[in-house]
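Construct the complete structure from the given sequences, taking the supplied hints into account.
Counting with the UniProt record's numbering, you get residues 1 to 93 for the letters of the sequence shown.
Keep in mind that a hint or two might mislead.
Using 27 angstroms as the maximum straight-line C-alpha spacing, the simulated DSS-like pairs for lysine-lysine come out as follows [claimed, not checked]:
(1) Lys31 / Lys3
(2) Lys31 / Lys18
(3) Lys45 / Lys18
(4) Lys43 / Lys9
(5) Lys31 / Lys43
(6) Lys45 / Lys22
(7) Lys92 / Lys77
(8) Lys32 / Lys9
(9) Lys3 / Lys32
(10) Lys92 / Lys82
(11) Lys22 / Lys9
(12) Lys18 / Lys43
(13) Lys32 / Lys43
(14) Lys22 / Lys32
(15) Lys45 / Lys32
(16) Lys43 / Lys3
None of these hints come from the bench; they were simulated from the model.
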Amino acid sequence: MPKIPEYSKEALDEALEKINTKAMSLRAVAKKYNIPRATLQFKLKNPYSKSRFGPTPYLTNEEETTIAEWLINMARKGFPRKSDDVLDTVQKF
Numbered sequence: 001m002p003k004i005p006e007y008s009k010e011a012l013d014e015a016l017e018k019i020n021t022k023a024m025s026l027r028a029v030a031k032k033y034n035i036p037r038a039t040l041q042f043k044l045k046n047p048y049s050k051s052r053f054g055p056t057p058y059l060t061n062e063e064e065t066t067i068a069e070w071l072i073n074m075a076r077k078g079f080p081r082k083s084d085d086v087l088d089t090v091q092k093f
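And the structure:
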């Protein structure tokens, strides 16, 4: 089972910025931000490896929010939608 990182994305971005601007050495940044040196080296060599796992989403976040709000509003008005209605609505997007 892979380890869960103990640092945030913001800390990683800040650490990489310090290394790129030569404000601190890689070893010093790794120690200060508690990020493994190998991780920093990998991120420096592969800056564009920000891909997500799994298939690409069918809907955008805005579309999902719109559908969720529609479902909530319909349920509040006394017209809860069935799964077939939701699928038909999603296909219209």
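request  = Hints the structure violates: just list their numbers, smallest first.
outcome  = none
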